[in-house]
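Asks: As given, the protein sequences belong to chains P and L, one line each in that order. Mapped onto our numbering, the consecutive letters of the first sequence carry residue numbers 1 to 882. Mapped onto our numbering, the consecutive letters of the second sequence carry residue numbers 1 to 108.
Any given hint might turn out to be false.
To be verified - To give a feel for the contact side, a few chain L residues facing chain P, derived at Cβ under 7 Å: (1) F42; (2) A43; (3) Y46; (4) T47; (5) E68; (6) R69; (7) G70; (8) R73; (9) T75; (10) T78; (11) R81.
Honestly, the hints are just simulated from the structure, not real lab data. Glycine is no exception: its CB is placed at the ideal position from the N, C-alpha and C atoms.
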Amino acid sequence: MSPDAPPARAVALLERLIPGELREAVLGDLEEQFAQRLRTQSPASARRWFWREAVFASVALAFRGARRAVTSPGDSLMTSLLSDLRHAVRLLWNRPGFSVLAIATLAIGIGATTAIYSVIHPILLAPLPYPHPERIVTLWEGTDRATRDNLGYPTWNDIARGNHVFEATAVFKSWQATLSGRAEPERLAGQRVTHDYFKVLGVAPALGRDFTADDDVKHGPTVAILSNSLWRARFGGDPAIIGTTVHFNGFPYTIIGVMPAGFENLVDPTARLWAPMQYDLTLPWACRTCHHLRGIARLKSTATVSEAAAELNALSAAMVREHPTDYAKAGLLTIPLREDLTSGVRPLLLAIVAAVALVLLIACANVMNLLLAQGALRQGEFALRAALGAGRGRVIRQLLTESVTLAVAGGAAGILLAVGGVKALVLLSPPMLPRLSEVGVHGSTLLFALALTTLVGIGFGLVPAFHASRRDLNRGIRQGARRVGGRAHLVRSSLVIGEVALALTLLIGTGLLLQSVRKLLAVSPGFETAQLLTMQVQTSGVRYNADSATFDFFDRALRAARAVPGVESAALTSQLPLSDDFDKYGIHLEAHPRANPEEDPSSHRYAITPGYLATMKIPLLAGRDIDEHDGAAAPAVVLVNQSFAKRVWPTESPLGQRVRTGSATEGPWRTVVGVVGDVHQVNLSEAQPDALYLPEVQWDGADGALTLVVRSRSDPTLLASALRQAVWSVDKDQPIVRVATMAQLVESSAAERRFALVLFEAFGVVALVLAAAGVYGVLAGVVTERFREIGVRSALGATRANIIGMVMSQGLGLTAIGAVAGVVLALAGTRLIEGLLFGIGGSDAMTYVVVTFVLAAVAMLACLVPAWRAAGIDPAQTLRSE
Amino acid sequence: MPVRLGELEQLVLLALLRLGHQAYGVTVQQEIAARAGRDLSFATIYTTLGRLESKGLIAARLGEATAERGGRRKTHYTVSRDGRAAVKDSLRALRTMTAGLGAAWELS
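Chain P with its partners taken away, still in its complex shape (with noise of 0.2 Å):
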């Protein structure tokens, strides 16, 4: 350097920071003004003014509007803040390019955690809208959670009567009701319950009165509570219904009481009208071992778990004393609601939660990265505001306001997609998902975007702000034209390391979810899904109280149903595969009786009309099919399913062998004449080990609601209307619900997987743009920063190949490191999803090897454009500008 040019990173300086049109003036007046003190000052002194001059004017002239930021002592916390704050606020609106990236890359990150929070806060965080729901608790006979069973009334009337532990305790069925008498008949959903049930959910009506013990006995009044929304719905919401009466299922029922309208049955969301019990133990369903009732009870509040468990183990061991061959073995078991009603959903919702802390860990890291490329270009400004005197922790409170501001208006885009994404979760839900109703943006919704946005702007800005803040004026100054020292590259090459990793372990997680999709929809379920149209059918009325007329009207409307054009075939079962029907009976074998017959083997019963196999097209793979010749005067006779038959009778043939339902002592022997296909009950992931078809007429009673499954000829969603015609003919007021052809009902027993593997692709999809923005980025840095360098190389004879290469390995280094971080990660994370995954291991190989693929693939493609640029540099440019 020549000692009467001025110092060339003083110029520099100036050269980067004065705008445009006063670069020149201000440039040729401090070098004319040099070369003059150079006649009378030494270089040095000359060279000093020269730099004071330069800090100066790029103080007063570059950050014409930060001048105000630079600290004054007089300033009240508060003024500067809001200058703070203004000048954060014009920093951004000047560099519209990176606001609209850091800030689109936010609301990503805010939106999509805020949205799954307003998911999750309902189910797994908010108190139960009960009082004291804590002391809640679901009874259960059996002795672990994998096997535990619903209670019979004579068990449930035990504990009842024999604890010392709850305040109360209830036991509950779902109750289908059709409303009739009035402008066209409601089938509504309701529940039967014995009478402390609203006691022990600590609700009492709002209107009227409460059961009472009276309410709940055999033949006792028929009276009703009714919900707040079948109130306003159906009856105007007029206090004078009390007392009135209204027919449900052509029965006269008087109303006592409505509900509050902020109540919530959570035990049975669908439920809008109550009725006693009204059981009495001289009932036959009033059996120990019918395990049809569903208990909960509330703790005392002196009353701890651990001594309702203990009494519970006491009063169960007697009932087994007292009647050994109605218990297989003792245990009554207790769970907490909440635990009880989310811990189906709970994994899912776990891992969709680890999904989203991912893609915000990678916003964070992506803006972090933005605010670090900026923080290097601005290091001559903080270097100068530092040399003005402001202090260490004035710069970094003045680039915290920065990136909390950044994070701000992020945060409240985020609420926005939030908002949009709250109404795309709660439509993609699957059904098992409790207190839907609840999810929404609510306050604490807000609350939560709110404290998640501060904690985001401080946790991104704190490092670049440090980092910025480090640098001491001489450095800073003389680095400027540099740019960016070697500390913060390492920091920006670690952020990129972690994205890539981040984004590669999401990236598996949604290849291992999709893999196993659709190798779930791959399965077959036991029978032919396509051309399948199924609807329940439900008797209801006085007068199908006689088993003879509920035979007789299903007979006729599967008559009617098959006469309807297009219709290949139609028959009724009492179970639907498939759908939420669940029904076991005890099956006990004539040759094989056991002392204790509740150590027997239990079979999902199908009470089927003839034509079912075929119309299923469930395979028969032994004997011979029920038909029209199985009435109900004809000897009994069952089909057993494959996997049943073989268990049961591993040896013998299972053709010819006799058993009995339900009870071991009463009931006809039913001869086992057939042997068919497995067929998947209650979803396509778990083997089906049991199932019994017998002759619907054949059973003790009629079954009051079947559902008729016809094959069509075309599109079977074209028949719908004209089944329901069909059944109508025969009787107009019965209700059809449950209208699904088979295909959709196979799609949404993979919804829960579905659900999650929609939520990782979207995910994964924007780790992986934003990581891809990550490397991008540093390269493009790193391509400006050695610009000089990369112009000397292409001078001293580097062919373009090599410079493209060695731009690229750069970067493909980072992402390597990433990657193998992403794998040991994803190693250790699948963990999180191994109960969604279906037919494929955590450490799937292939699924590895491909998304790891794809992830530098797309690194690639983010390398290639900085390299390209590199590439282009032309070497007399770079040394005109030395």
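Chain P is already provided as a structure; the job is to place chain L on it using the hints.
Replies: Chain L alone, transformed into the frame defined by chain P:
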């Protein structure tokens, strides 16, 4: 309503008036240093010039480049009619305020 001037603005405007066509950054700095004894930084001068320009009191035009400026062109400034009015107004106020205070306060 004439524009009110700050002291730096007065100094710079007066320097421009004195320098006429010769007025640009370096000469303004030197004029003020030589006559008023104020060694202003270029940061201060250009900030003031910027302010005056935005008030419409002066006008800028690009001038010639010279070797000792590293080949960079000068920006020349001239005082506008409003600028002259503002200076006159400002000086009148000063004269009025100092009138009668005695010889020690007389503006020369």
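Asks: Next, verify each hint and record whether it holds.
Replies: Verification of the hints:
Interface hint at L:F42: satisfied, since its Cβ lies 5 Å from the closest Cβ of chain P, which is below the 7 Å cut-off. Given the 7 Å rule on beta carbons, the hint for L:A43 holds: about 4 Å separates it from the nearest Cβ of chain P. Using the Cβ-Cβ criterion of 7 Å, the hint placing L:Y46 at the interface with chain P is satisfied: the shortest such distance is roughly 6 Å. For L:T47, the interface hint holds, since its Cβ comes within 7 Å of a Cβ in chain P; the closest pair sits about 5 Å apart.
The restraint placing L:E68 at the interface with chain P holds, with a minimum CB-CB distance near 5 Å, inside the 7 Å limit. A least Cβ separation of about 4 Å between L:R69 and chain P falls short of the 7 Å threshold, and the interface hint therefore holds. Evaluation of the L:G70 hint against chain P yields a held restraint, the C-beta minimum of about 5 Å falling below 7 Å. Look at L:R73: its Cβ gets to within about 6 Å of chain P, closer than 7 Å, so that hint holds up.
At a threshold of 7 Å, the smallest CB-CB gap from L:T75 to chain P is about 4 Å, leaving the interface hint in force. Restraint check, L:T78 versus chain P: the minimum CB separation of about 15 Å is more than 7 Å; hint violated. Interface hint at L:R81: violated, since its Cβ lies 23 Å from the closest Cβ of chain P, which is beyond the 7 Å cut-off.
The structure fails hints 10, 11 (numbered hints given earlier, in ascending order).
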